[in-house]
Amino acid sequence: MSVNSNRVLLATHDGLFDVSESPAIQIGPTIDLMGFTTAGNGEFYASGHPGPGSDLPNPVGLIRSTDQGQTWQPLSRQGESDFHALAATDGGIVGFDGQLRISADGTTWESVDEQLPAFNLAATPRDSIVLATTEDGLQRSTDNGATWAAVPSAPLLMLTALSEGKAAGITPEGRIYTSSDAGLTWVEQGVVPGEAAAIATHMLDDSTLRIWVATEDSVQVSNDNGQTFMDIRSNHQ
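Last residue of the sequence shown: number 236 in numbering that gives the first Met the number 0, and the count goes up by one each step with no gaps.
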């Protein structure tokens, strides 16, 4: 899930959708998108499995779109990697396909030595900080994913998102936490209705975090740092 040019983009097993519209609008072909991220230059990166009629290999490895998700081109690790987590930093791409890997250009990859089973990766294309959620707690990198350190004071988070140095996270129980120092310390906020599957954030002009959470049957949005949520579809009624 990502916010790009005022659109809320949700990567699903059936492809990429703009869920800021109601009903949601599919963008591009049907691809089983397991990992998805956007870069600051307008490029999208994704991974997963080819859809019906696709000539992409399985798994698709890292694929890139330069036209806002309308078409995708193979970039690297075709037939090798199914990245379930992807994040773009100012230094390249971080991905997890059973092994944590980093790449400066999306074509050549380096395996990170640390055994870090990342469930979710969060970063922004404007700095080098990366957050990784694991079953043992939050990990944080300040060098584009090359080295990592635990954040022992953080709650046990399932999903995180970063925006302009601020972060939001959600626990397996649906409790929202926010951080004003890029994941070092956290403050408890509200609760998201439903089972969360993805999260995205955008910092408003007054430094408040707008937070979107995709659940099994809706997209919830908060305009007050995660204290309260409403169904995004109510904005279109």
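These are computed hints drawn from the structure, not numbers from a lab. Since the model is a prediction, treat every value here as computed from it, not as a measurement. Check each hint, because a few of them may be wrong.
Computed Cβ-Cβ distance ranges for the label pairs, DEER-style [unchecked claim]:
| # | residue 1 | residue 2 | range |
| --- | --- | --- | --- |
| 1 | D13 | T107 | 27 to 33 Å |
| 2 | E172 | D54 | 38 to 44 Å |
| 3 | S152 | D112 | 20 to 26 Å |
The C-beta atom is built at its ideal place from N, Cα and C for all residues, glycine as well.
Going through the hints against the structure:
no., hint, verdict
1, D13 x T107: 27 to 33 Å, "31 Å, holds"
2, E172 x D54: 38 to 44 Å, "42 Å, holds"
3, S152 x D112: 20 to 26 Å, "25 Å, holds"
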